[in-house]
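Student: Sequence:
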Amino acid sequence: MGKTVLLCHIDKVTLELWESSLRGDFSFAAAGVSSMLANYVTYLNAMNLDVVFALEVENTIAAQLKAGVTGASSTQPYAHEMSLLKKIFSDKDVESVYYLDSIYPVGDATLSLKLREIHEEYAADYSFIENTPPGLTGVYFNRSLFEAMQIETEEQDEKTGIGQSLPDSLPATLREYVEKNINHFHVEIHYEHPDLRLLRLDFSGRTPRSMESSLHVFEKIGPSSDYYLELEKLYRDNPGLLRHRPSYLELEIFGGCEYACTFCARQYAETPAPQAMTPEDINSILSYTQSAYGDTSVALGGQGEPLEHPRACEIINLFLSEKSIPAVILETNGKYLDKIFSVFEHPEIRKLRIVINFNSVINYDKIHGSLPGDRDIVLGNLQKSVEILSKKDKSLPRNIYLQTLKILENEKELDEIYDLADKHGVSFLLQKYNSFAGLMPEKRVSDMTPLERFFCWHLRRDLFIRADGNVAFCKQDVQNRRTRGNIRTAGLEEIWETARNDWENNYRGNYPSEPDCQQCDEYYTFNM
Numbered sequence: 001m002g003k004t005v006l007l008c009h010i011d012k013v014t015l016e017l018w019e020s021s022l023r024g025d026f027s028f029a030a031a032g033v034s035s036m037l038a039n040y041v042t043y044l045n046a047m048n049l050d051v052v053f054a055l056e057v058e059n060t061i062a063a064q065l066k067a068g069v070t071g072a073s074s075t076q077p078y079a080h081e082m083s084l085l086k087k088i089f090s091d092k093d094v095e096s097v098y099y100l101d102s103i104y105p106v107g108d109a110t111l112s113l114k115l116r117e118i119h120e121e122y123a124a125d126y127s128f129i130e131n132t133p134p135g136l137t138g139v140y141f142n143r144s145l146f147e148a149m150q151i152e153t154e155e156q157d158e159k160t161g162i163g164q165s166l167p168d169s170l171p172a173t174l175r176e177y178v179e180k181n182i183n184h185f186h187v188e189i190h191y192e193h194p195d196l197r198l199l200r201l202d203f204s205g206r207t208p209r210s211m212e213s214s215l216h217v218f219e220k221i222g223p224s225s226d227y228y229l230e231l232e233k234l235y236r237d238n239p240g241l242l243r244h245r246p247s248y249l250e251l252e253i254f255g256g257c258e259y260a261c262t263f264c265a266r267q268y269a270e271t272p273a274p275q276a277m278t279p280e281d282i283n284s285i286l287s288y289t290q291s292a293y294g295d296t297s298v299a300l301g302g303q304g305e306p307l308e309h310p311r312a313c314e315i316i317n318l319f320l321s322e323k324s325i326p327a328v329i330l331e332t333n334g335k336y337l338d339k340i341f342s343v344f345e346h347p348e349i350r351k352l353r354i355v356i357n358f359n360s361v362i363n364y365d366k367i368h369g370s371l372p373g374d375r376d377i378v379l380g381n382l383q384k385s386v387e388i389l390s391k392k393d394k395s396l397p398r399n400i401y402l403q404t405l406k407i408l409e410n411e412k413e414l415d416e417i418y419d420l421a422d423k424h425g426v427s428f429l430l431q432k433y434n435s436f437a438g439l440m441p442e443k444r445v446s447d448m449t450p451l452e453r454f455f456c457w458h459l460r461r462d463l464f465i466r467a468d469g470n471v472a473f474c475k476q477d478v479q480n481r482r483t484r485g486n487i488r489t490a491g492l493e494e495i496w497e498t499a500r501n502d503w504e505n506n507y508r509g510n511y512p513s514e515p516d517c518q519q520c521d522e523y524y525t526f527n528m
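Counting in the working numbering, the sequence shown runs from 1 upward without gaps.
Pair ranges (Cβ atoms, derived):
hint, residue 1, residue 2, range
1, Q518, H80, 48 to 54 Å
2, P223, P310, 56 to 62 Å
3, F428, S74, 49 to 55 Å
4, Q518, L286, 34 to 40 Å
Hints were generated in silico from the structure; no laboratory data involved. Glycine included, C-beta positions come from ideal geometry on N, C-alpha and C.
Construct all of the structure, not just a fragment, from the sequences and the given hints.
Tutor: Written out as structure tokens, the structure is:
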């Protein structure tokens with residue numbers, strides 16, 4: 001058995017994120033960042049392997065990593081991992097590579113060494129742990145993987161008659177390639193108890209959110225070689241650690257709608273006269289996203305039609321221009337989509353996702369409570385949108401989604417609506433029906449509710465802001481029974497914190513009666 005080396009392969013974005021964190025650019029303390037960096041170096045040394053560094057930039061973080069390794073180490077120019085691995089395997093003494101693609105603040109040495117034993121015992125091409133969060137362990141690549149890939153490539157070339165260099169046929173990462181073609185190789189997949197995938201944890205150190213998650217673990221547990229064993233108890237006792245800043249803001253920029261859809265809660269709740277968010281409201285929301293992690297998406301929807309807002313075009317442009325917002329989702333009936341055709345010229349148009357609620361071809365007016373002819377207006381706007389976006393980039397129309405609910409009224413039309421989306425070259429989105437915790441009649445055709453109830457994703461990650469500035473308990477509280485605060489009188493950060501106890505109670509299975517969480521089946525749906 002030849003030797004194993006450790007490849008520490010880190011891109012520019014990650015190295016600069018850690019350096020800016022060390023300067024105190026985020027809400028977590030620089031001292032904590034420094035301690036986590038030292039903990040990662042301890043993890044590298046615990047692996048007891050020769051280390052090869054391939055770092056895209058040379059900064060203070062890169063220097064500390066290199067200086068901290070106590071064993072043998074070397075440096076390679078930053079390149080695609082495929083090129084790096086081939087260069088490392090050019091040394092005939094190297095049999096396998098333990099690959100790390102980031103700075104893992106709470107790397108688990110015990111699990112990583114267990115994975116090495118499995119990898120070596122079964123002489124696998126590739127080995128990984130399937131159910132642990134990113135950032136606890138890396139993966140093992142074996143020399144034999146490249147031999148198997150070479151054979152596969154040669155066979156493919158014989159079929160196509162086209163010779164390609166191996167890197168050109170790969171996706172972004174070699175790991176992605178192997179796991180998509182898992183049956184072509186000898187892959188050892190380890191499962192570690194307990195299974196915490198439901199929590200969607202991330203300790204990869206590649207984003208501010210994952211860094212804060214790691215810092216919470218590090219502060220509670222301290223230096224350790226067995227982090228994974230501690231996580232289940234840690235979050236059971238401290239569920240507040242799972243809740244960071246919101247990653248999804250749903251904004252009801254306009255509180256009215258001329259449609260009277262049978263699937264909309266506005267028809268079953270007492271709703272005030274339509275209101276519209278003010279420029280000051282929008283600026284307050286933008287200010288909050290700028291102070292967050294840069295991963296908070298914004299959805300324009302709620303119980304109203306956003307394109308009936310007199311400044312809808314301006315608002316969408318503002319959100320698209322904000323660098324801290326990765327995606328802007330517009331949920332609309334599509335009747336006034338022509339109002340925002342000018343938005344399609346925005347340089348960040350790729351960030352926009354347009355979701356058109358379209359629930360019937362035959363009974364459109366009846367289901368949507370619309371005027372005769374509205375269906376054809378919507379389809380005309382859809383076609384025009386596709387034409388404009390296609391001229392910019394043929395892939396852009398896929399950012400338009402024709403969304404339909406699977407309900408009793410349209411069950412027999414689903415294939416026809418899918419064909420309609422396909423005909424226009426847009427995406428199709430099948431959405432579950434939401435009765436808003438029993439407020440509306442039950443119309444769903446099938447029940448997708450999990451057999452065992454778990455915590456609510458929306459209380460953990462979302463905020464719903466109404467047109468009048470009130471922040472709802474959650475998106476289900478359409479009757480405004482419990483308001484968390486108003487963005488016109490309080491900051492969003494303060495309002496977000498007022499919901500922490502509700503989240504912790506929900507995680508423990510203690511549900512309020514207003515709104516009636518026990519009757520809600522939206523808890524398991526996930527936005528961003």
